[in-house]
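Trainee: Just need the whole structure built from these sequences, with the hints factored in.
Residue strings, one per chain:
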Amino acid sequence: MRRSKLMSVVAGVGLALTLAACGGDGDGGDSVAEVEETEFDAGTTMARLQEEGSITIGTKFDQPLFGLKAPSGDPEGFDVEMGKLIAAKLGIAPGDIEWVETVSENRETYIEDGRVDLVIATYTINDERKQLVDFAGPYFNAGQMIMVLEGSDVESVEDLEARGGSVCTARGSTPQQNIEENYPGITVEAAAAYGDCLEPLRNNQVDAVTTDNVILSGYVDQNDGEFKLVGDPFTEEPYGIGLKKGDDEFRNFINDVIEESYENGEWEAAWEKTAGTVLDLPEEFPTVDRY
Amino acid sequence: MTSALYDTPGPRARRRILLGSIVGGALIAAALAWVLLTFSRQGLFDANRWDIFSDTVVWEFLGRGLLNTLRAAAVAAVLACLVAAVVAALRLSSSRIVRAIGRVYVEIFRGLPVLLLIFFPTVLWTSVTPFMAAVIGLTVYNSAIIAEILRSGINTLPRGQREAGLAIGLTPLATLRLVELPQAVRIMMPSLVSQVVVLLKDTSLAFIVTYPELLRTMNNLRDYYGSRYIFSVFFVGAAMYIAVNAILSITANRLAKRDNTKTAGRVTSAGTADN
Amino acid sequence: MAVWDAREQLLTGFGITLRLTLVAAVAALVLGTVLGAMRVSPIPPLRWLGTAYVELVRNTPLTLVFFFMVFVAPRLDIILEFRTSAYIALSVYTAAFVCEAVRSGINSVSTGQAEAARAVGMTFGQNLRLVVLPQAMRSVIPTLVNIFVALTKNSSVAAGFFVGELFGLGRTLAIRNPAEGVAMLCGVAVLYLIITIPSGVLAERLERKVAIAR
Chain A
1 MRRSKLMSVV
11 AGVGLALTLA
21 ACGGDGDGGD
31 SVAEVEETEF
41 DAGTTMARLQ
51 EEGSITIGTK
61 FDQPLFGLKA
71 PSGDPEGFDV
81 EMGKLIAAKL
91 GIAPGDIEWV
101 ETVSENRETY
111 IEDGRVDLVI
121 ATYTINDERK
131 QLVDFAGPYF
141 NAGQMIMVLE
151 GSDVESVEDL
161 EARGGSVCTA
171 RGSTPQQNIE
181 ENYPGITVEA
191 AAAYGDCLEP
201 LRNNQVDAVT
211 TDNVILSGYV
221 DQNDGEFKLV
231 GDPFTEEPYG
241 IGLKKGDDEF
251 RNFINDVIEE
261 SYENGEWEAA
271 WEKTAGTVLD
281 LPEEFPTVDR
291 Y
Chain B
1 MTSALYDTPG
11 PRARRRILLG
21 SIVGGALIAA
31 ALAWVLLTFS
41 RQGLFDANRW
51 DIFSDTVVWE
61 FLGRGLLNTL
71 RAAAVAAVLA
81 CLVAAVVAAL
91 RLSSSRIVRA
101 IGRVYVEIFR
111 GLPVLLLIFF
121 PTVLWTSVTP
131 FMAAVIGLTV
141 YNSAIIAEIL
151 RSGINTLPRG
161 QREAGLAIGL
171 TPLATLRLVE
181 LPQAVRIMMP
191 SLVSQVVVLL
201 KDTSLAFIVT
211 YPELLRTMNN
221 LRDYYGSRYI
231 FSVFFVGAAM
241 YIAVNAILSI
251 TANRLAKRDN
261 TKTAGRVTSA
271 GTADN
Chain C
1 MAVWDAREQL
11 LTGFGITLRL
21 TLVAAVAALV
31 LGTVLGAMRV
41 SPIPPLRWLG
51 TAYVELVRNT
61 PLTLVFFFMV
71 FVAPRLDIIL
81 EFRTSAYIAL
91 SVYTAAFVCE
101 AVRSGINSVS
111 TGQAEAARAV
121 GMTFGQNLRL
131 VVLPQAMRSV
141 IPTLVNIFVA
151 LTKNSSVAAG
161 FFVGELFGLG
171 RTLAIRNPAE
181 GVAMLCGVAV
191 LYLIITIPSG
201 VLAERLERKV
211 AIAR
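Protein chains in written order, with my numbering: chain A, 1 to 291; chain B, 1 to 275; chain C, 1 to 214.
There's no promise every hint is true.
[As the list claims (entries may be wrong)] Covered stretches of chain B, going by a simulated chain C footprint (3 or more residues, C-beta under 8 Å):
1) 32–39
2) 63–75
3) 120–132
4) 153–161
5) 167–173
6) 180–192
7) 207–219
Since the hints were derived computationally from the structure, they do not count as laboratory data. No experiment lies behind these values; they were computed from the predicted model shown. Yeah, the Cβ is synthetic: ideal placement off N, Cα and C, and Gly gets one too.
Mentor: And the structure:
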């Protein structure tokens with residue numbers, strides 16, 4: 001008797017959870033671009049995706065302004081808008097895009113294994129990665145910077161090194177490697193994720209936080225008046241769109257889409273909708289590198 | 001209440017205990033008040049740190065995180081029990097080599113951090129999904145622990161059980177499966193349930209492979225709404241974890257206390273030492 | 001980079017893991033024993049506090065204990081070095097399990113012992129300290145060794161909270177050298193097993209010994 005009561009409580013909790021889970025999925029939101037129907041040559045990746053009517057795109061789920069999972073379940077940000085833009089040119093509606101979380105360690109393998117068709121995930125183009133995957137773009141130029149408390153008198157990364165200061169960044173990340181190799185005088189505190197760095201900065205447990213400037217800008221915006229970026233970017237991070245190595249037709253197509261978006265205002269619209277709410281519009285569009 | 005450790009208090013001792021209770025209670029209350037006051041002075045109870053919780057979307061999001069936690073835990077618990085039964089059988093085999101295989105499995109996997117075992121599959125097969133990695137890591141670790149629980153349960157059974165099984169013509173494996181294992185499970189039920197609580201708690205380690213369980217959902221909320229919500233999200237998430245685990249623990253205690261007369265062996269009420 | 005070239009980093013991580021484990025083990029043993037004594041004490045608020053502590057901590061994932069120490073405690077003006085936070089988080093968590101072991105040990109000491117102590121006029125404190133606990137500890141040593149093994153494994157959680165211990169360093173190495181990833185993690189695994197397997201065997205031996213002594 002007592003047991004069946006307990007079971008019904010458990011069942012009730014389970015039911016409530018299921019109901020809660022059902023209300024979640026949105027339709028993927030709107031794109032700044034109209035969904036288009038174009039003819040593609042048979043056998044190309046574009047034709048296949050158009051045929052399937054869906055595309056799988058890998059992006060970050062924890063980067064404010066670029067790729068951040070919203071409580072509705074869908075990611076939001078500039079990278080996500082770029083993805084919707086490309087999908088639209090393939091005749092795929094935003095709701096038919098499957099978003100997969102990719103993290104820095106698995107972006108190449110997800111592309112190589114075909115788990116995703118594209119990776120748009122604050123993904124810096126570099127030679128090492130080019131050996132494994134191909135890149136369209138860049139569609140944005142970022143750079144690594146440091147973020148300090150509003151009241152701090154640290155002026156730049158060199159200044160921080162001269163003071164023997166400490167910096168917080170994500171464990172195993174490229175920004176961590178950059179600091180360790182180029183600014184050995186700075187102590188690195190490695191967090192599980194960039195978002196973990198903010199409380200230690202507030203509490204003066206670290207002197208600065210470092211990663212790409214655009215991501216840091218998101219934090220400055222979320223916590224008005226608490227943080228600021230100082231100095232100049234000390235790395236170049238051209239963000240590209242990763243795809244399977246050797247698929248030149250697909251790469252050319254995406255490069256076309258990027259260049260087209262510069263001209264017809266879709267890039268700007270995507271920017272204004274996301275990162276543009278915080279950051280100024282870049283003075284010039286990055287030049288697409290058709291290698 | 002009486003205890004073997006101290007005499008039934010006389011009038012003087014009762015006064016002293018009363019005094020101790022008042023002082024002790026006051027100290028605890030003061031510490032609690034200090035914590036709450038400091039939090040409130042730091043603005044942790046301000047409305048602008050809690051307003052997101054008026055939005056049902058946030059609760060649905062947390063609900064999905066909890067559901068993912070429960071799903072990974074449930075799948076891993078079932079798989080771990082199945083694998084554990086096989087490993088326990090290996091360890092009780094009459095063949096020395098088979099026993100050794102079982103022993104190596106147990107020694108290796110119960111000796112490694114769950115975090116490592118969850119992360120390992122992603123390096124081994126890059127195409128593994130976060131859910132699979134979490135389930136594999138939790139299964140491998142817990143099957144080694146549960147195999148040992150089952151084995152010690154079987155070892156507490158009187159020998160007659162096994163002998164009777166063999167005497168009626170069952171093979172050693174059939175005896176194990178039909179006679180010994182069902183009783184061992186009953187005997188060790190409390191330990192098994194506490195191990196499931198451990199497993200449920202360990203799902204939070206799947207953050208390492210970005211599985212969207214409850215803890216990662218909490219971090220996601222912090223990233224989305226801004227880090228000033230870190231405290232409210234923490235308190236709500238911690239309450240959810242504690243509530244679910246407490247329900248499971250209470251179930252475990254009920255099972256432990258329930259009079260168990262259907263086994264030949266003695267029911268042990270001790271929890272597992274593993275945490 | 002091959003595993004052998006990474007040996008220095010791996011051994012550094014191993015050293016940090018060992019230190020985390022040993023410091024937390026001592027702290028948890030002391031705290032857990034005090035809590036265990038509180039749970040059998042004649043003063044009700046102490047008993048309640050002990051029970052509340054154990055129930056709360058046992059039902060909380062270790063990750064959340066770390067989360068509290070690193071992100072929430074600073075708001076109580078408790079700002080510590082990350083490694084100190086890790087020591088405390090591991091000790092606080094493990095103490096709950098030590099407490100339960102000690103309590104079951106106390107319960108396993110025959111009542112005649114405690115009654116004899118009372119008969120010769122010992123107070124609760126003397127009774128516990130001189131008669132009951134020494135016998136209880138003896139019977140719970142195997143359990144304590146198992147708790148120590150669990151603590152060793154649990155210390156890896158510190159990697160998610162700013163402490164570059166064995167797992168954290170090994171993971172970074174695996175990420176930066178994808179070709180050697182499996183080998184790096186195997187190296188990490190071997191170093192953990194160096195602590196956990198001998199401890200496990202020791203626990204088993206002690207268990208047999210205690211069983212015979214009774």
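Trainee: All hints, please: hold or fail.
Mentor: Against the structure, the hints come out as follows:
1. 32–39: Holds, because 3 residues of the stretch 32–39 of chain B bring their Cβ atoms closer than 8 Å to Cβ atoms of chain C.
2. 63–75: violated (count 0)
3. 120–132: Satisfied; 3 residues make the cut.
4. 153–161: violated (count 0)
5. 167–173: Since 0 is below three, the answer is violated.
6. 180–192: Violated, because only 0 residues of the stretch 180–192 of chain B bring their Cβ atoms closer than 8 Å to Cβ atoms of chain C.
7. 207–219: holds (count 3)
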